[in-house]
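Using the hints, position chains B and C against chain A.
Each chain, written out:
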Amino acid sequence: MSDLHTLGVAQLSALLQNKDIGAVELATRMLARLGGNPHNAFLSVDSEVTLAQAKAADARIATGDTSPLLGVPIAHKDIFVTADFPTTAGSRILEGYRSPFNATVVQRMGEAGMVTLGKLSCDEFAMGSANENVAVPSAKPQAVTNPWDVSRIPGGSSGGSAAAVAACLTPAATGTDTGGSIRQPAAFCGITGIKPTYGRASRYGMVAFASSLDQAGPMARNAEDCALLLSAMCGPDLDRDSTSLDVKAEDFSRDLNKPLKGLRVGVPHEFFADGLASDVRGPINTALENLKSQGATLVSIALPRTSLSIPVYYIIAPAEASSNLSRFDGVKFGHRAKDFTDLADMYEKTRTEGFGDEVKRRIMIGSYVLSHGYYDAYYLQAQKIRRMIADDFQEAFKQCDVIAGPVAPTVAWKLGDKSDDPLANYLADIFTLPASLAGLPGMSIPVGFGEGHMPVGMQLIGNYLQEAKLLNVAHQFQLATEFHLKTPGGAA
Amino acid sequence: MSLTPADIQRLALLSRLSFDTPASQRLLEGLNNFFAIVEEMRKVDTSGVVPMAHPIDAMPYLADHAPSAPEGMALRLRDDVVSEDNQRETNQRSAPAVERGLFLVPKVIE
Amino acid sequence: MSALLVHGYEVVIGFETHAQLSTQSKIFSRASTAFGAEPNTQACAVDLALPGTLPVMNKGAVERAIQLGLALGSYIAERSIFARKNYFYPDLPKGYQISQFEIPVVQGGVVSFFMEEGKETVHKTVRLVRAHLEEDAGKSLHEDFIAQTGIDLNRAGTPLLEIVTEPDMRSSAEAVAYAKELHKIVTWIGICDGNMQEGSFRCDANVSVRKPGAPLGTRREIKNLNSFKFMQQAIDYEVRWQIEQIEDGHAIQQATVLFNPDTGETRAMRTKEDAADYRYFPDPDLPPLVIGRDWVERVRSEMAELPRVMAERFVTQYGLPEYDATQLTQSKAMAAYFEATAKACGQAKLASNWIMGDVSRRLNAGEMTIEQSPVSAAQLAALIGRINDNTISNNAARQVFDALWSEGGANVDDATADATRVDAIIDAKGLKQMNDSGELEKIIDEVLAANPKNVEEFKAGNAKALNGLVGPIMKASKGKANPAQVNEFLLKKLS
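Here the protein sequences come in this chain order: A, B and C.
Read in order, the letters of the first sequence are residues 0 to 491 in numbering that gives the first Met the number 0.
Read in order, the letters of the second sequence are residues 0 to 109 in numbering that gives the first Met the number 0.
Read in order, the letters of the third sequence are residues 0 to 494 in numbering that gives the first Met the number 0.
Take every hint as true, because none was put in to throw you off.
30 Å max Cα-Cα, derived BS3-like pairs, lysine-lysine: (1) C:Lys210 with C:Lys222; (2) C:Lys58 with A:Lys247; (3) C:Lys477 with C:Lys491; (4) B:Lys106 with C:Lys138; (5) C:Lys492 with C:Lys463; (6) A:Lys337 with B:Lys106; (7) A:Lys417 with B:Lys42.
Keep in mind that the hints were calculated from the coordinates and are not lab data.
Model, not experiment: these values are computed from the prediction.
So that you can see chain A by itself, here it is in the shape it has in the complex:
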């Protein structure tokens, strides 16, 4: 089994259940691949912790426990707090932080018997689209590289998660998506990822960026795996998260095999305007044709406020972030400056040293739009347009069952290309932001390759609570194509 690392979650589960391999052996093999931290994907590993979890999984398997994720390795985006590994959220201000508790998502995957390989790199506080904003380790922070072309970005903010899965360092990873941070890196790295409906997965233990937008989700090699992972991840967390939806946990795999005949696929013409690169447009159109060949109908729809989603998102998210990040003050945990004259100086030095440029920029934007005198013009106005965007989707869903289109206007760009141009980064989020603002579920599946043989991802957006349908469409596409089976040349 020399290609163990290329197998997906479902496949590994079968091997483990069949006793073809033990969890400890599997974990050991995966850990061995992490030497040299390929692609700078990981921020922390601890083989003792991993092997202890693997041992426990083996014990459960031995008793006849057939849980579908038992013994399968996973790695967590460093946005989720863990008691057994440090959590940095990609920031110097949390360097060395050890949470006394586990995020609910981490706990649920642990209860499902998954074996944690470590914590994955991400943009600082999940703010970024390229994973270039990671600021730890502070001695020498390393941007994550795209396994398909190490001179390119993997996407962000869940860049470490996407790279790790694409490079076969882990079969599964957790990510978070606030404005596209699961979908976009999944697309850039040629893997599958899904952001569920807002409120499906508990936010307890997710270091908060933008509370009304943040959502956890799985990233893996295919839709079938994502469905398994999503089922374990989601469910009400009524005692700890007041925004957790009180809807029963679901088996998201239940509809995977439904045929697509009769499916109406909405294609928003705003997603196919001039800004869309031709090397992305091609594979997307081909993918849409595939869906058609499987019996789906393509319906042209309008999402007229698509471009407005950029200012709206970049007002609301920084506003919430500016407040969420106020707790990082050097008093109770995290970094504190070494030299300061008084309290005010301590606050200022601590936060200035501890936060990276993009985080500081967004805090400043957030403070501005919430300021006395500006609230109505900016924040409140943004919330109103947010409502209109959500309403636009409801209009669209009267004519279609799912919406399909690109994830990003281009394929992954070169490292450093946009690192000095925050606005360029923001503009590239245009296709993922609308679903985030509305709280709708969205996923990304690989549908081909573009310039430089870089992966192209297609986005599927569903109405609230329609994850099973999205996974169904994705799975049927993956049964008929092989893009999800491709791995980057230098992956082994």
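Relative to chain A, chains B and C alone:
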């Protein structure tokens, strides 16, 4: 609505951040570029639209699940029970400065 | 509007009171709210604002807000919103306080009370703007460390109701009377323990002055007034200070001030430069608080009789004067003591007199509450009964009362035992009044015979001459003569 250096100073103070002059200048430029896009958003006619603070407000299905809260999800209330015990040591293990159980900060003068 | 001007200026006062709610757990976390624990032993992950933590609302806090709203006749919002108030301070772990801004849970309402103004008893009504739920901050200990401050977050997250009035008050006395009445209400309905020394009930006074008819002056806020005594002192000082400033030609700058009880002065705090911009916005971690009318009605039906209502009932049911009724309803325990006494002896006015008089005097002297009274309601009722049935005189009753008070040990469970205690003391001290009219007449005749001069003077028209006869009669009867009876007989014999 263009920002000025005075705005940067005020916002930096509000956010407990400091920027040296070049950084401040870059920030000012960057923010003004950003807010140029935002101006488009400000022109949109939103009269009569109820702001959406939360996606939960907009989820139509919830009306079926929570008939007592037709305008969206209501705040869940937990029973008034104490169930957190003393975890001071664990909770303070990442604290920068602690003495006799208290978090230490530079003296605050009121 | 009465003219209570100070040097020609009208005083305008509004209050903001923070009442800590008597829940077991915190408003957004499940840590305990008990007072006096070791530092940071009651500060859980949520209270410490550890990364990834989220707030979950305590039903008990909401219920107490409803109770307050009902007690004050306020509107209880069907839908209210929690908002973040953003500012940096070491005792504020999240860097923001979860409070309510645009839409609070309780809106409007009034607090009414009686107070003395000059020689009159006047009825005052202070209107409430609102009362909203929010979380308390932690505590800063400045004394214990050199050049450093120690932060204890046990208190962080304790539920508060912030109760805000209109600037309706026109004197420091009125402000204190308002605060006392509000204090009584919140402790009466049981939503707050009212322990001001422990910080359960904290008042901020917004004070300004103006010439009558002029627009409102700039106000300064006196923070953290934790005793009624200091409250009045602080406001008085602040008013004089403001007037002096204005008379000297200086404009009043808006400021937050602290009162120093040692110096008796108010002093502006170090300005927090950005204090004004809290950047309020609805908290995205908390959906709107919805309170259905059926919940409100259920709370209403379960609430105890409110002090104002009970006072009115005492007036109609027991025929007490308003003043008495107000005094007796200063606390639930006091009112219960009164009713138990009045019902047992059937003499409401006498009961009221004794409670407001002898009982209260001794309680105050010993800094005790009515719950700690060594004389039980049953004992007092029995005592009053013995006065009423002429067994003992008022003077004698005082002696019995003294004895009961000092021996203490009121047996609240055994009313019968209590009553017999009274009789036992009467017997032991030989205090039984002489009620045998025959014997009394004999004594009176003897005294009349021995004091012919007084008899003559009385008959001559000097009514006061009677007093000279009463003394010897009382003495001869060893104080046991019933004074009323003595008078009755004397007048009969001398007419």
